[in-house]
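Chemist: Just so you know, the protein sequences line up as chains A and B, in that order. Those letters in the first sequence? Residues 1 to 294, by our numbering. Those letters in the second sequence? Residues 295 to 610, by our numbering.
Among the hints, a few may not be true.
Stated by the list, open to error - Here are the simulated distance ranges between beta carbons: (1) B:K414 <-> A:R141: 22 to 30 Å; (2) A:K106 <-> B:K575: 53 to 61 Å; (3) A:Q80 <-> B:T588: 37 to 45 Å; (4) B:A435 <-> A:I49: 20 to 28 Å; (5) A:S140 <-> B:M530: 24 to 32 Å; (6) B:D596 <-> A:I49: 24 to 32 Å; (7) B:Y580 <-> A:E150: 54 to 62 Å; (8) B:V584 <-> A:I49: 52 to 60 Å; (9) B:K575 <-> A:R105: 26 to 34 Å; (10) B:K414 <-> A:D160: 31 to 39 Å; (11) B:D596 <-> A:E43: 38 to 46 Å; (12) A:K162 <-> B:Y361: 47 to 55 Å; (13) A:Q80 <-> B:K575: 33 to 41 Å.
What the hints assert, rightly or not - If the Cβ cut is set under 8 Å, some of the chain A residues that face chain B in the computed set are: (14) S45; (15) W64; (16) W70; (17) D79; (18) L94; (19) Y97; (20) S113; (21) M114; (22) E127; (23) D153; (24) K166; (25) I168; (26) A170.
Keep in mind the hints are simulated off the structure, nothing from the lab. Cβ coordinates follow ideal geometry from the N, Cα and C atoms, glycine included.
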Amino acid sequence: MGVSNKESRQFNEDSMEEDDLEDVSEPESEPESEDEEDVKLTEPSKKAIFNRDGLLDKLGDISWPENAGWVHKLSVDIDQEQQVDVNDDLTRELAFYTQAVEGTRKAFEKLQSMGLPFLRPEDYYAEMVKTDSHMERVKSRLLVEKKKIEEADERRKARDAKKLSKEIQAQKLKERAKQKKEDIESVKKWRKQRQQSGFAGGDKGSELDLAFEDGKPFEKSSNKRPGVAPGDRSGGKARQGVKVGKKPKKRDIKDSKFGYGGRKGSKKQNMAETTNDLRGFNKDSLSGNKKRKR
Amino acid sequence: MGKKRKHSEAEAATREKKEEEVAPERPKRTLSGWKEKKDDQVNQTESTTFFRNKEKVLVTCSRRISYRYRHLMLNVVDLLPHCKKDNKVESKSSNGATLNELVDLKSCSSCMFFECRKGKDLYLWMSKCPNGPSVKFLVNAVHTMEELKLTGNHLKGSRPILTFSSNFDKDAHWKLLKEMITQIFGIPKEHRKSKPYHDHVFVFSIVDDHIWFRNYQISVPHNESDKIARGGLDKMTLVEVGPRFCLNPIKIFGGSFGGPTLYENPFYISPNQIRALEKKKKAGHYVKKVKAKTRRKMHELDNPLEADEFSEMWKE
Chain A
1 MGVSNKESRQ
11 FNEDSMEEDD
21 LEDVSEPESE
31 PESEDEEDVK
41 LTEPSKKAIF
51 NRDGLLDKLG
61 DISWPENAGW
71 VHKLSVDIDQ
81 EQQVDVNDDL
91 TRELAFYTQA
101 VEGTRKAFEK
111 LQSMGLPFLR
121 PEDYYAEMVK
131 TDSHMERVKS
141 RLLVEKKKIE
151 EADERRKARD
161 AKKLSKEIQA
171 QKLKERAKQK
181 KEDIESVKKW
191 RKQRQQSGFA
201 GGDKGSELDL
211 AFEDGKPFEK
221 SSNKRPGVAP
231 GDRSGGKARQ
241 GVKVGKKPKK
251 RDIKDSKFGY
261 GGRKGSKKQN
271 MAETTNDLRG
281 FNKDSLSGNK
291 KRKR
Chain B
295 MGKKRKHSEA
305 EAATREKKEE
315 EVAPERPKRT
325 LSGWKEKKDD
335 QVNQTESTTF
345 FRNKEKVLVT
355 CSRRISYRYR
365 HLMLNVVDLL
375 PHCKKDNKVE
385 SKSSNGATLN
395 ELVDLKSCSS
405 CMFFECRKGK
415 DLYLWMSKCP
425 NGPSVKFLVN
435 AVHTMEELKL
445 TGNHLKGSRP
455 ILTFSSNFDK
465 DAHWKLLKEM
475 ITQIFGIPKE
485 HRKSKPYHDH
495 VFVFSIVDDH
505 IWFRNYQISV
515 PHNESDKIAR
525 GGLDKMTLVE
535 VGPRFCLNPI
545 KIFGGSFGGP
555 TLYENPFYIS
565 PNQIRALEKK
575 KKAGHYVKKV
585 KAKTRRKMHE
595 LDNPLEADEF
605 SEMWKE
């Protein structure tokens, strides 16, 4: 590996020189670092050896005699139509795939013309590159993936169906309301027409019968009074008596003393008079608390 | 048992000797200048009528190779029935001489050596052994055959169809690489471990100055008959088998595992260097801080603050 060591040293030297150059031009920033993210040098180094004659010589050395026949090589050259972007995985793999497909087509034609067997017959069993157990694992993984996709699909479908049904339901309700409105409208119209045509008031009974058409559809029977409990036999009169009756006298006195209603804040505050007014205090208690004395 | 083995060894030795005897003749018939010599050509046509590919590839790796790369190597071994796998070789001592000796010992004509450095960088050496050229690649984007997303499968030892992208004929070094790859990856016809059918394709494609490798299984819907119908070829699909890797050529040497450098990749940066630069970038923070501090200090020394006129006011 002496050669490779040398080579690496050489590369190091290259880089050192480059760094120096960079330092001279722009001492503060380090713009070269971003370029190094890429695995390639941006421009070819000039020191690189390229011995074309030597290479061709070696090629002549190792290559097989020219009439060795294609069967020995089995190699096919395929034109690559356009440049492939390396970082775009999909197009790159597609390019490789198309190359392989075209290659097999060509090779197949050649082999066919030579009368050689191409694909393995179905009943030819032999050792494969990947073992059966490995293929089993591959298969199981594929199945699991398929199942996952199916499940996700089902879930999505259910979700969609739910959304749709909700919408339909809303639509239905709307339609029903509209229908009702229309019905009422039509009846009103019909009645107006009837009034105009001279039947106005002529037939009161029928009008009373159709009272609900005025927009208040159903009125509960008037038997029921508001504010009466369902089990109240007196019809709410027992409670009314208590409520409406006169205020007791005691209440009046208390109200005058403590106040009734209104804001409490202002009443409870001390003012100049109230602070000096000691009427409310018991004179006995000033002499001292008996319990405390003990 | 022992006797038998000795015998076989002896045989091998004699075979080697024979090969050695044959070896000096080889350059004569394959040198580029053979066209002028008429009698040589006659000889050659005679010999090539019986052209027989006797390629044998030795596949080894260095010690302390990571499992992923080891699996890659084993996959390559699976793909090439004409290869011989050997024990790991000590990386430090694996200079050209020992490897050449090893190849000679195994009577192989070419060698693939997977060299792992620092447990993360994989280098692949391909070499034609007695005196052919050798190449050193950096291997990137490795996916082994064991990965479950690659669903194809094919016969072990069936001969692959090698497809090359047309830009292999662009330059001398690509031509050389193509020749080496065809010789190493092409399975010799009528090799005793090979099978007479073709059910997979190797793709070697140069994109972005890297050689990308793919291996596809050819799958055609079988009709009742064994023959593929004409329409069957249109329905042909390929399923990837793996492994995948991407070779970045670093250098081409004249000899095997050494010798004069014939080619050097002008764009190549070693992964060590990339890592070092990254580290350097990170290391810059502290240095910057220290620099700023010293600069500030110098600035303060250069421009001292004026004494405050009121500072003595309360001191009387």
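Chemist: State for each hint whether it applies.
Modeler: The hints, checked one at a time:
Judged by the Cβ atoms, the range 22 to 30 Å given for B:K414 and A:R141 holds: they are separated by roughly 28 Å. Separation of A:K106 from B:K575 is about 49 Å and departs from the stated range, judged on CB atoms against 53 to 61 Å. Between A:Q80 and B:T588 the beta carbons are some 57 Å apart, a value that contradicts the proposed interval 37 to 45 Å. Checked against the hint of 20 to 28 Å, the pair B:A435 and A:I49 passes, with Cβ atoms roughly 27 Å apart.
As the Cβ distance of A:S140 to B:M530 is approximately 27 Å, the hint placing it in 24 to 32 Å holds. Judged by the Cβ atoms, the range 24 to 32 Å given for B:D596 and A:I49 is violated: they are separated by roughly 53 Å. Distance hint check: the CB atoms of B:Y580 and A:E150 are about 56 Å apart, consistent with the given range 54 to 62 Å. Distance hint check for B:V584 and A:I49: the Cβ-Cβ separation is about 42 Å, which falls outside the suggested range of 52 to 60 Å.
At about 49 Å, the beta-carbon gap between B:K575 and A:R105 misses the expected band of 26 to 34 Å. With their beta carbons about 49 Å apart, B:K414 and A:D160 fall outside the hinted range of 31 to 39 Å. For B:D596 and A:E43, the Cβ-Cβ distance of about 43 Å falls inside the hinted range of 38 to 46 Å, so the restraint holds. Between A:K162 and B:Y361, the C-beta spacing of about 49 Å keeps the proposed range 47 to 55 Å intact.
Taken as a hint, the range 33 to 41 Å holds for the pair A:Q80 and B:K575, whose Cβ atoms sit roughly 36 Å apart. The beta carbon of A:S45 comes within 5 Å of a beta carbon in chain B, closer than 8 Å, and the hint placing it at the interface holds. Checking A:W64 against chain B: minimum C-beta separation of about 7 Å stays under 8 Å; hint holds. Checking A:W70 against chain B by beta carbon gives a least distance of about 11 Å; that is not within 8 Å, so the hint is violated.
At about 5 Å, the closest approach between the beta carbon of A:D79 and any beta carbon in chain B falls short of 8 Å, and the interface hint on this residue holds. Because the smallest distance between the Cβ of A:L94 and any Cβ of chain B comes to about 11 Å, over 8 Å, the interface hint for this residue is violated. The beta carbon of A:Y97 comes within 6 Å of a beta carbon in chain B, closer than 8 Å, and the hint placing it at the interface holds. A distance limit of 8 Å between C-beta atoms decides the matter here; for A:S113 the minimum to chain B is near 14 Å, and the interface restraint is violated.
Interface restraint check for A:M114: the shortest CB-CB distance to chain B comes to about 12 Å, outside 8 Å, so the restraint is violated. Against a cut-off of 8 Å between C-beta atoms, the interface hint on A:E127 holds, since the closest Cβ of chain B lies about 5 Å away. Against a cut-off of 8 Å between C-beta atoms, the interface hint on A:D153 is violated, since the closest Cβ of chain B lies about 21 Å away. Proximity of A:K166 to chain B is violated relative to the hint, the smallest CB-CB distance being about 40 Å (cut-off 8 Å).
Hint status for A:I168 relative to chain B: violated, with the closest Cβ pair at about 43 Å, above 8 Å. Taken as an interface hint, A:A170 does not check out: its beta carbon lies about 46 Å from the nearest beta carbon of chain B, beyond 8 Å.
Going through the hint list in order, the structure does not satisfy hints 2, 3, 6, 8, 9, 10, 16, 18, 20, 21, 23, 24, 25, 26.
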